[in-house]
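Chains as they are written, first to last, in our numbering: chain U, 1 to 226; chain H, 227 to 608.
Simulated from the structure, these hints should not be mistaken for laboratory data.
Glycine included, every Cβ here is placed at the ideal spot set by N, Cα and C.
Just so you know, not all the hints are guaranteed correct.
Here are a few chain H residues that sit away from chain U, every Cβ distance over 10 Å (derived from the structure) [what the hints assert, rightly or not]: (1) ALA275; (2) PRO276; (3) VAL311; (4) TRP474; (5) HIS500; (6) THR602.
Straight-line distance between alpha carbons at most 20 Å, and here's what the computed SDA-like set of lysine to any residue pairs gives [unchecked claim]: (7) LYS144(U) with THR602(H); (8) LYS144(U) with ILE298(H); (9) LYS144(U) with GLY281(H); (10) LYS144(U) with ARG539(H); (11) LYS329(H) with GLY339(H); (12) LYS144(U) with TRP489(H); (13) LYS329(H) with VAL34(U); (14) LYS329(H) with VAL31(U); (15) LYS144(U) with SER337(H); (16) LYS144(U) with PHE365(H); (17) LYS144(U) with ALA488(H); (18) LYS329(H) with ARG37(U); (19) LYS144(U) with ARG169(U); (20) LYS329(H) with ARG38(U); (21) LYS144(U) with ASP447(H); (22) LYS144(U) with GLY506(H); (23) LYS144(U) with LEU498(H); (24) LYS329(H) with ILE143(U); (25) LYS144(U) with LYS329(H); (26) LYS144(U) with GLN442(H).
Each chain is listed here by its residues.
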Amino acid sequence: MMSSVRALIRFRWLLSALGVPVCVAAVGVGVQGVAFRRPTGDTLVAAAALEELLRYHVMRGTEELGRTRVTSTCVQGWFRPPHGHRLVRGELVLLGNGTRLYDVGHGIRVAGTAGLAPLADRARFLLAACPRFLGEVLGERLIKGARVHGDRTAADGGPALLLAFRAPRGPMALYVSPPSDRPVELRISGAHGRGWTDLNPGGGRAAIRRVFHAFRVATKRRTLNA
Amino acid sequence: MLERAQPWTPDRSRLLFAWLVERRVVLAWWAGSRAIVVAGILVIHWLRAPRGYFGHAIFAHILGPLEAWDGIWYRAVAARGYLLVPGHQSDPAFFPFYPLLLKLVGLTGMSVGAAGVVLSNLLFAGALLAFDALGHELFPDALARRATLLLAVFPTGYVCSMLYPESLVLLAFALAGLFAARGRWLACAAAAAVAALARPEGVLLVLPIAAALASQWRRLDPDQRGRGIAAVLSAPAAAISFPVYLWWTLHDPFAWSEAQQAWGRSFRIGGLWHSLSRMGDELSRQPWAARDIGFGAVTLLLLAAAWRAGAPRTWILLGALLVVVPLGSGSFNSDARFALLALPAYWGLAWLASTRAVFTLLALLCAGLLAAATVTLPLVFP
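Next up, chain U with everything else stripped away, as it sits in the complex (with noise of 0.2 Å):
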């Protein structure tokens, strides 16, 4: 009994040598715990949503606005645009009925024609879900701390996840299957008008050929001639 007792009077320095830094772990754990804030588990989806599209460089889908459906294909990436001497970086999107979207950073535009792209052809493009251009919205939203609503529900013929926030330019709600939280369907509504879109992500050499094809990009320097 005496001989534990000298032992653990002998070893007593190791109480504070180790029990302090053990001390300052946890106090520091719990003191940020009780002083911040935690996202709520709507908005970790959100993040993990967002983490998975933007693995994606080519996003596939079939639109519908108004009664109208089309397939879409969506292509990001880094392209030198027509006069320009700079790669920048945009997205590509080619509809079903042929016609030519992009947006290298100055707005949305139709291809061969000047200005911005009309409304309804904005609305094709947001549906068309390129994920760069997607992951801009929700992940700004995000950042500003803005609400992130998501609820349990079913897309494309199996369980997922809707997370539904509020972008510039109206709401929009994207469903993510779990537990990969890949993005299965998406929903545009507000001054563009309602739409939806299936969405298929990713897409083979083919489809990345089919859409430089259309906008004519030269796949080394990926001019874009739009």
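Fit chain H to the given chain U structure using the hints.
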């Protein structure tokens, strides 16, 4: 086991007052240097120029420029907590202790921005007093005082009036060093923990604290040795609490490093070589990089002077790591601000300014550059 606490009595108040009166020169230089920064801010507020990256919202109120750049993110953490937003610059890149203080001072009813500016300035006053005391422990009085006064007007010190944690970290660094030198290990552990929760560089305090412990080891009893080891381990323990918190709240213990990548700070093998070999490219792309390169180089030279002056080697190593480690991200961005925390650089500067004439010249040069750095705040991030 615990260090004895002194009761607060009227005598102690008088002692504190006398202590402050003795250091009135330091406080006067603090006030003077802060006046330079505030005057610079008033000038850009009234002129609305240079506009740089600042929008109307920042120019809309007088302290706006001092709340800008990373200050916006620290305020966001205080207001909303952390969230990692993939593919975007987001707030887990910012350590928690400073926004935690912002949250506390926000409870006074002042706007968080204005309260943060007041807080940063007061912390800087505390940092100067603590650095002065640390200097007196290590150097002759005259050199220690000159170093404090030169730190007060050091050009990159404008950031100590902004919503940035640098003044807090300077204070915590100086206090950790001071308490370690005096063998007050639990107080040292607390200061080191604050530093490591305010900036990741706080972990580097392991070096000077361990050196102080080693130098006193033979005359310490086992309990004191235990507390000394606790002080050495406190900074890493506090720093670990941040990823643990992020793991708990965001389910991602690596949120800090992932957020750093979005800010262009992904550390990699060869990053230092990349920074040095692409210095020319960086200068042609962003001429303001010259400021960061220049201050990084000057800091390393001042550390060499501090070596000659007899500064503790581990403090010099800490200072060098503060300059060199961020270059591992492949860029010189903000290296001038990171170098601000290299305390031995000011002892080196004071050693160089050994005559009154040189000291006056250096102080005037620093004050001029401090004013210039303040008025160019809209043009480049600190």
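Check your understanding: Okay, which hints does this one fail, numbers in order?
Key -> Numbers 3, 4, 7, 10, 16, 21, 22, 23 and 26 - these are the hints that the structure violates, sorted from lowest upward.
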